[in-house]
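Protein chains in written order, with this note's numbering: chain D, -17 to 204; chain H, 168 to 376; chain Y, 16 to 282.
Source of the hints: derived by calculation from the structure; they are not laboratory data. There may be inaccurate statements among the hints.
Unchecked claim - For lysine to aspartate or glutamate, the following EDC-like pairs were computed, each having C-alpha atoms within a straight-line distance of at most 16 Å: (1) D/Lys(-9) <-> H/Glu196; (2) D/Lys(-9) <-> H/Glu258; (3) H/Lys229 <-> H/Asp281; (4) H/Lys229 <-> H/Glu173; (5) H/Lys270 <-> D/Glu69; (6) H/Lys282 <-> H/Glu261; (7) Y/Lys262 <-> Y/Asp197; (8) Y/Lys262 <-> Y/Asp167.
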Amino acid sequence: MRAAWTLLKRDLQLAVREGGAIGTALGFYLLVVAMLPLGLGPDLNLLSRIAPGILWIALLLAALLSLSRIFETDFEDGSLELMALGELPLELVAAIKALAHWLTTGIPLALLAPLLGILLNLDIGAYGVLVLTMLVGTPAISFLGSIGAALTLRARRGGLLLALLVLPLYVPTLIYGITAISSALVAPDAFVPSLLILTALSLGSLVLGPIAAAAALRIQMQ
Amino acid sequence: MQLTGENLVLQRGQRTLCEHLSFAVTAGEVLLLTGPNGAGKTTLLRAIAGFLAPAAGAIELKGGDTEQTVGEQAHFVGHANGVKSNLTVTENLEFWAAFLAPKSNRMSHIERIDKALEDFNLLSLADIPAGYLSAGQKRRLGLARLVLAHRPLWLLDEPTSSLDDASATNLANVVNAHVAAGGLAIAATHLPLGFEPARELRLGRVAAS
Amino acid sequence: MQTQSFTQRFANPTRFMAFSGALMPWLAGLSVLVIAYALYRGFTAPPDYQQGKTIYIMYIHVPAAWLGMMGYALIAASSFGLLVFRHPLADVSAKTAAPIGAAFTLLALITGSLWGKPMWGTYWVWDARLTSVLILFFLYLGLIALRSSIEDEPLAAKLTAVLALVGVIILPFIKISVEGLDIPSLGISIPAWNTLHQPSSVFRSDGPKIHISQLVPLLISAIGFTLLFFTMHLKAMRNEILRRRVKSLRLAEVDRARASETTVAAE
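Work out the full structure: start from the sequences and follow the hints.
In structure tokens form, the structure reads like this:
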């Protein structure tokens, strides 16, 4: 476990020192949300009705931008090969790198969401629920996304391909994330079940993501 | 301790690189892999490390830890150095020391890092971010991993690439000390490395059949 | 030779070529006959009292939707065969099934859209079942795109296999989240995301809810299109094996040329 902790610490340290990536994702999130009213018109009623959907989809897109970073630099500079020869199973290496991605991308994006909710006239009462569902749902984005990141390491047009591969995998998370928020606003009874399903999806991705990503990484290193 | 390969068939893509290759390296000696480009030197080293499975044959480390794979008992130095530009030289070494030898304590990590800095003449660069280093200095940093954790088998792919003569001599001293202490090493090379005692395994291209 | 299992003998591409070559014309002929008979039975059946003649679209739409799903299952099974058993034909099967399965899925979407116009008044509605077929189509596109963007073929084969297995694990969750799930005996009831679609009328715990005069042609049609799927799959596998042989012959030619160049240089 010491090795796992060391790796997490290093990945967080690198994310902070490289800096730009988190800022880019946050900036992109802000920009997409700000662009949508320009396209849809400034009708505040319409915006507040579709705000949860916009905030979730824009968050998916912003997180998608940074997914390729999970393994890319370590694959290119040979670090990943050396990690594969360590005592830590490659599945755990993949899990920790996805966790680092969640800590440095998922959480900041989820915390930025209520601020962007103001731009969309989202009901103040929904802010707590919004952040809660996003914190619960975003691990699935990082962990399922790590599969796509591992699969596209040696592909041409890796970035676009990555989006094509992982977006369909996010459908359940997206649907229950939005269901949870809208049910909290109109039908409180349905909120807890939706949140539980969202949690279950994230927990499932915690298992599936690292196993599949490690399998893909082993194939990439052949 | 002895590393053996028996009747290996190695393939890269759809090409067969070597057929019916057998070799043995015993503790206390170095095996030099030579041969033209494309003869399969790198592929053989990667197969020993366990990155790719041989199409036929077996690789075994006799007298090693049966709980671990051969790769987990080996240091692998490939073409890439595994160096992070945004970490200082010491931070790079600290990470690999803690990652590769998680069971030993912090004091022994510090001792080993000091030894690594000294062996590869990196002391004056210790606090500099690795991004500022020249190609040769980065290579030395990559090689310095060898002494951070004890592993009996060293797999070195063109270890002296971008090293100057003095650094190559330093490397030879480190490898010879490892071998003299009962370690094994396999190095793929085009140049004389000054490793001893060494035997040579010449790989040739497999004729198309 | 006698000790080899059936799958082992079948695994040999040369035997596969001989066997499939003999099988091809029979399979192709049979699928044409069965589909023709199914369409004849279907189109001469009385029109639906509610849906009128548009019900005829069903005889293509429903088999296409089934085969879209079966195609993905076939790819997943072949991918498992490649990753776990390293079966030499597994990747040929997975690779060639993808465009065919995608084509049937697209056919289900197009026929569904044509059926939707008279029924719902619009070509496309975000109906739960149509949406989940659309996502299945995206999963197919992902498989094809990943394979085509990696040059090293054995590498592409294994990575695509990993993706197919991930897809087949997540597919039920996508279906449930879009279409809902209702198992009264277990007390499970998850509402559908949004639905206008008629629920499946063939696979139901209380027996098919479709008139026998429509059910029989539908089932015959499903058998016919399944035969067509396998005819096309077998043909595509044969093509792929030949393409790989040509490729390895070319590689061998390059190697031979290089070897003779080095001998000349040595002399």
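Status of each hint after checking the structure:
For the given pair, lysine -9 of chain D sits about 38 Å from glutamate 196 of chain H by alpha-carbon distance, which is inconsistent with the 16 Å threshold. The straight-line distance between the Cα atoms of lysine -9 of chain D and glutamate 258 of chain H is roughly 11 Å, inside the 16 Å bound, and the hint therefore holds. With a CA separation close to 32 Å, the supplied pair lysine 229 of chain H and aspartate 281 of chain H exceeds the 16 Å bound. Simply put, lysine 229 of chain H and glutamate 173 of chain H have alpha-carbon atoms about 13 Å apart, close enough for the 16 Å limit, and the pair holds.
For the proposed pair lysine 270 of chain H and glutamate 69 of chain D, the alpha carbon gap of about 10 Å is at most 16 Å, so the pair holds. Under the criterion of a C-alpha separation no larger than 16 Å, the hint pairing lysine 282 of chain H with glutamate 261 of chain H is consistent with the structure, at around 12 Å. For the hint pairing lysine 262 of chain Y with aspartate 197 of chain Y, the CA-to-CA distance comes to about 51 Å; that exceeds 16 Å, so the pair is violated. The hinted pair formed by lysine 262 of chain Y and aspartate 167 of chain Y meets the criterion: a straight-line CA distance of about 13 Å does not exceed 16 Å.
Of the numbered hints listed earlier, those contradicted by the structure are 1, 3 and 7.
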